[in-house]
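Asks: Using the sequences and the hints, build the whole thing.
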Amino acid sequence: MKGAIDALATIEMDEVARCVCTLSEGNFAAGFDSGTLHIYDSDGVVIRTATLDSRVVGLASLRDVLVAVTSTGGVQAFRDEPLWDRPLKSGCEVVSASSLHAVVADGTGQLISLADDGSEVAQAEFGHVSSLTCSPDGVCAAALEDGRLLLLGPAFEVLHDSPAAEDDVETISCMAFRHDGVLLVARNSLGMTVDDRPVNRLECWHPERGMLNTSELPSRATVLRPTESGTIVGCFDGSLLSLDIGDSDPRLIARLDHQVSQIIQWGDDILVASWFDVFRITTIGEVIWYFEHIGVVEHIIPLTERVALMGDDRKGRTPPPLVIIDPDSPPRYDDMPVEVENPSVSEEYSGALSDEEQMQVDMRPNMLEGAESILDTLHEDTEFEVGPPDIESDLLEDLSAAARAINLPPVADAGEDRTVDVDEEGKATVLLDGERSYDPDGSIGRWAWEDGRGNVIGDTPQVRVKLSGGVHVFHLTVTDDRGASSKSTITVQVR
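In terms of this note's numbering, the sequence shown is residues 700 to 1194.
Since the hints were derived computationally from the structure, they do not count as laboratory data.
Wrong hints could be hidden among the right ones.
To be verified - Here are the simulated lysine-lysine pairs, BS3-like style, with alpha carbons at most 27 Å apart: (1) 1165 - 788; (2) 788 - 1126; (3) 1126 - 1165; (4) 1186 - 1165.
Replies: In structure tokens:
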């Protein structure tokens, strides 16, 4: 039986947090689609607020300077108050920071390195970046949309360039640097070519020596958490794996029911987010406790002796609350029997029968006059006429109304993954068709197509896009006439 823990604090939210960042003194920052930036203390209380020009897409901490990037504006820095602002016409896609610089990827495929005073350190163009991470000593790893991996020095000099396989569609799902400077990269392919390459694999890269080794994974990695001895890997199929340095095969720690979305270290154990739940799990797979959140947990934020949890209900209604928990709280077991110790009382007032009362109870009762005839009447057989049951006329109507109150979500269908060839100009025109989407108990009221960077590119069932060479990911979200929604994804390879 798994024990559960309770929340220390629950704070209502106005909207869903899209990105978070841990700060000093147990504080943390959260950015929102509205452009709002909140700074929270360890109790979940907002201590500072800023309003930025557009959707906050990334946060990073650089020498106690909070760096925030927005979708259509640029880069802004804060330390108790605004420090500097660097506009970028094409907006920002992602940000990461080392102990030296903050690295920003903009909408044109450029990387820009900034010092903590806002001055530019380096700039280079490599292509559209899907994810970015930096080591403390300034080495930067960039994953491109076409599956290419770049290891870059502090001045963006190329240390290693690892392109995706030409005969397959490859993506990079997550990356992380270990404390020794080795980069961990989770790489995945669609398996379009039958060969010895693992479909899902973990690669280890050294900034100087290049790729060190490759390990096959049972499923697509969704999160990497480096440890002193190796790394913990969370997978799409719910597998929680451990890989130590020198191991070629991962060790299964636990298998959860849903995708692993976050992992953080907590003492000798780990805190793992999977769907609506957060678990504290030992390295041998023992579940110490679990906590159930109202929304799908997307962020686990360590705050010295506490942890903040933030999520998304994925329904577009009331945002789930911010929850503060203490991971060291003892678990409770609601199904365990509760033993109550009775206080000692004197026999005089104990409620027990006296000797005289007990004798009266044991004696045969005297039959009152006329009682025998009454008992005979009670023992007579009685016939009842049973007819068809009376059914209230509005019962079926009530059942029908209850059935109508249950709203099934729509079914989004973005179509099958596709591979197309470029024309003479190196472009390809592709029709994204979501007309096979449907709502089982109503109608679809809203359509939304997004590209891999989260930009909305259309609000109709069909959208025509012009693409350059590479791998492109598009998401279709459909919402029915009663507010329920679902999402589907399509991958298009242009070659």
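Asks: Compare the structure with each hint and give your call.
Replies: Here's how the hints hold up against the structure:
Restraint check for residue 1165 and residue 788: satisfied, since their Cα atoms lie roughly 22 Å apart, inside the 27 Å limit. Only pairs whose Cα atoms come within 27 Å are accepted, and residue 788 paired with residue 1126 is accepted, the gap being roughly 24 Å. As the CA atoms of residue 1126 and residue 1165 are separated by approximately 7 Å, the hinted pair is consistent with the 27 Å bound. About 22 Å separates the Cα atoms of residue 1186 and residue 1165, which keeps this hinted pair within 27 Å; it holds.
Of the numbered hints listed earlier, not one is contradicted by the structure.
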